[in-house]
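Residue numbers (the working numbering), protein chains in the order written: chain A, 1 to 234; chain B, 1 to 289; chain C, 1 to 323.
Reference excerpt, derived from the structure (chain C facing chain B, CB under 8 Å, subset only):
no., residue
1, Gly50
2, Val95
3, Gly119
4, Leu244
5, Gly285
6, Leu295
Derived by calculation from the structure, the hints in this document are not laboratory data.
Glycine included, every Cβ here is placed at the ideal spot set by N, Cα and C.
Each chain is listed here by its residues.
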Amino acid sequence: MLELRSIDAGYGRFQALFGVDLDVKAGEAVGVIGPNGAGKTTLMRVISGLIRPTRGSISMQGTDVLATAPHRIVSLGIAHVPENRRLFPRLSVEDNLRMGAFMPEARARYRERMDFVFDLFPRMKERRNQLAGTMSGGEQQMCAIGRALMSDPKLLLLDEPSAGLAPVVVQQVFELVKRIRAGGLTVLIVEQNVQQVLQAVDRAYLLEAGSIRASGASADLLANDSIRQAYLGV
Amino acid sequence: MEIFDIYLLEALVNGILLGGVLALLALGLNLIFGVIDVTWICYAELVMIGMYGMYYLFSVYGLPYWVAAPMCILLVAALGAALHFLVIAPLLGAPPINQLLATGGVLFVLQSFATVAFGIDFRNLGIRLPVLALGEMHFSYARLLAFIAALIGMVVVYLFMTRTYTGTAIRAIAQDRQIMALMGVDTKKIYLVTSALGGGLAGLAACLLVLQYDVHPFVGLSFGPITFLICVLGGLGNFVGGFVAAFLFAEIISLGGLFSDLEWGYVLAFAFFIVMMFIRPAGLLAKRS
Amino acid sequence: MNKQLAWVIGLVALVALPFVYRDPYHLHILVLILIWSFAYTSWSMMGRFGLVSLGHGGFMGVGAYVTALLWNHLGVSPWIGIPAAMLCAGALALVVAYPCFRFRITGHYFALVTLALSGIVLQIIIATRDYTGGSLGYTPERTKGSHILALQFDDKVVWYLIALGVWAGGLAVWYWIDHSMSRYAMEAISEDEDAAAAAGVNVTAEKLRITVISAVMTAMAGALYGQYQMFIAPDTVSGIAVSLQMVFAAVVGGIYVALGPTVGAVITIMLAEVLRIGFGTKAVGWDNLLYGVLLVVFIIFLPKGILGTLLAWLKSPSKQRDG
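With the rest of the complex left out, here is chain A:
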């Protein structure tokens, strides 16, 4: 479904990604793990169009993502839940969700998608008129994911969904990811919390200092000694 080939990307003179190759097949859940500053968020941004790579190619179901204007990438079926949620703090939950359905194809199915999201997150329904900025971290994360789902995406990008959340809440978030997956959605998750994410995905890539160092099925990675030492403190 999603193919990245030889991606170089960075900010000005600072290069963050070096020749990254990545695949996500339909229906899969794929993780990207690695230390702080490895370039995980940059990777997400390159896929969703927030920044453009300096080299390489990205295709989504055969369509060249790099040839698509950034604000049209969501219509290719890619929805990005940014790092730190990035909700609109002074808009209500409902307005945030509405923004998720901004593109014309999504607007037509607004009611339907809204019901779907409220089904998934009953608490959001209760808080629909509350200002997003006043909610707890966990609730904001739910709302951000909900917002991304409003466009009925084929691929969901989750950037560090557990960041800044209490362990119990992190559990809930990954429960949610499981349920979303069960509905057939393809997911790409970038995470620092290696334990949680490897349990939630089929396979993962290890990104260190801008390059893919390893990849494989979650079970294999979990069993890998160097990963256990570096990231699981074992």
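Chain A is fixed; fit chains B and C onto it per the hints.
Only chains B and C this time, still in chain A's reference frame:
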């Protein structure tokens, strides 16, 4: 003592009526600043062009007021969008000072254009609306109409901003510019729409002001500075703050006018502004800096 | 050639000029250029540090009107009147700028406040029309006594030399600031106010100092202009148009360079004259129209101004220049 009270009351009410239009102007300016982060110094001049537009449509081409007004609003809205496209958009990445100076240049251009094209004579629509008499107090229908129309305008904008996708996007972009693309929003288009909206509000204000005041190329100087003071005091980008500050200033000007010349009302307003800055430096209800 | 030597030679040449070449019309133009250069230079002292004021017309107005009013109504010689006017302008600058700086009102906000200030000064001039003649303008009375005491001279050469002296004085102040701690403090402030404050710079005091100096000098320019022309009106000497004209000239000439504003003055004055000669009274409005368009064009394409861009281009490594 009774007569004095009546005139005071009249001035107070007139202040409220004046406040309506000032609030409209403040809304336009705040909209542009809150969304695009630029200040249109030439905003009052956009209103001036609108007033000339009304003059020509109504007095020269003989269109009825109710036909001329929407045309005028559309005209100034287009002007606003053009301003953004030609002047602001190329400067979006430049230091804010440059943006300010550029709109200053446009102010110059609009004033001189009006001088060259229309001459410096004062023009008037020549509409004489009756005066409403409540006991000893007199209120011009023009003022009342302006107040009501301004309120309606603000309600329409409010509904647009809260009930439509584009309006919600405009509110959102002011809160987090960078992720708009993730939702399929073309920020360039939103800026244009916002600029057109700001222009449209100026056009509406023009339709209302032209009923009460003469138009000449420098008429913008009468209410421009006051609008800026209102927005600064209310907090640039703060809609509620601007709204409140507009009425406050309008009252001061109206009451000042009661005791002396109109110009002293402005001076008083400025003095009030300076004092308020000492007391409430971040602006009346400022949420943004 | 040593830069200082160049300056000295230049200055000597300028001083000697009127003794060699006395055409009154050309001297008149030169006097205007010098006085306005001084005004634009004063503005640029703030502008170069990012303190953009759109209200310097107000200070010019104060300078011109206070001096003229003191002379006409109280018979006070401009030798005292001008310093008095400068004091007023300085006080006004303090009153308005202090709350702005103390409470970190900068950028947009500050520009708008100064814009409103010049508007208000205009309104005051009009409101006190019984004293100031309002929009119709005001004329300082012709002296019947000593010309020197009244600072009124018919001989253009005298005015030329006065204007030259004042202009040179303005540049001296510019250099003085350039080589003082204030310059570095202000540059740090314009980069990042908080960092500067953390480094121990008294942000409010530094900004106030520059502002007051600028305001006071501008007032002097206004007063001199009034004395020279023997006629002042609110919109030629005050108001938004003058304020913007100052900004335009400084920006076009280049605000980061000492002679930039002077270049700007040469351009604006020459432009006005050319238009006046070419169009006559129909030129009313056309010159401002041109300024406005040029200002916008310059801001978009040449933000450093003519002189600034030229200097930057000259200083850049030669391989960039040769392409």
